[in-house]
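Asker: Sequence:
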Amino acid sequence: AAVEVDPSFAQGWVNAASNPGRSTESRIAAYRKALVLAPNLAEAWINLGQTFYNNFRDDATFMPQALEAFSQAVAVDPTSSSAIYSLARTSVDLCRWNEWEVVFERLCRALRADIASGTLAGTSASMV
Numbered sequence: 001a002a003v004e005v006d007p008s009f010a011q012g013w014v015n016a017a018s019n020p021g022r023s024t025e026s027r028i029a030a031y032r033k034a035l036v037l038a039p040n041l042a043e044a045w046i047n048l049g050q051t052f053y054n055n056f057r058d059d060a061t062f063m064p065q066a067l068e069a070f071s072q073a074v075a076v077d078p079t080s081s082s083a084i085y086s087l088a089r090t091s092v093d094l095c096r097w098n099e100w101e102v103v104f105e106r107l108c109r110a111l112r113a114d115i116a117s118g119t120l121a122g123t124s125a126s127m128v
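Under our numbering, the first residue of the sequence shown is numbered 1, with each subsequent residue one higher.
If you are wondering where the hints come from, they were derived from the structure by calculation, not from laboratory data.
Heads up, some of the hints might be wrong.
Claimed, not checked - Derived EDC-like pairs (lysine to aspartate or glutamate); straight-line CA-CA distance at most 20 Å:
#, residue 1, residue 2
1, Lys33, Asp6
2, Lys33, Glu4
3, Lys33, Glu68
Build the full structure now, drawing on both the sequences and the hints.
Answerer: Listed below in structure tokens is the structure:
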């Protein structure tokens with residue numbers, strides 16, 4: 001049986017989009033619905049970016065959209081190592097070297113903070 005999502009619950013759309021049986025287009029639509037409801041939900045921006053990134057071979061427009069989604073994730077959560085790492089990785093893939101250098105320095109600061117706080121293991125797992 002299909003699970004219904006409360007249309008007013010942003011996290012529900014994020015969770016629904018994570019269902020492995022969903023198509024790429026369906027995932028993108030669900031993350032976008034979540035972001036309409038909660039534009040500051042970094043997890044939705046990161047997951048939207050990851051969906052674009054993982055499927056860019058199917059659609060060349062996905063890689064710049066991944067970069068934009070990761071940029072938004074960093075904007076709403078400037079301390080998210082996962083968002084910063086994803087932005088740095090995508091900047092390299094798009095050969096945006098000037099942007100990458102700034103983002104890489106930011107990533108190093110975030111990782112140092114994660115090490116100091118003991119949260120590096122969770123950050124590392126989310127960056128694979």
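Asker: Does each hint fit the structure? Answer for all of them.
Answerer: To see whether the hints hold, each was checked on the structure:
1. Lys33 with Asp6: Within the cut-off at roughly 11 Å; holds.
2. Lys33 with Glu4: holds, 14 Å
3. Lys33 with Glu68: holds, 17 Å
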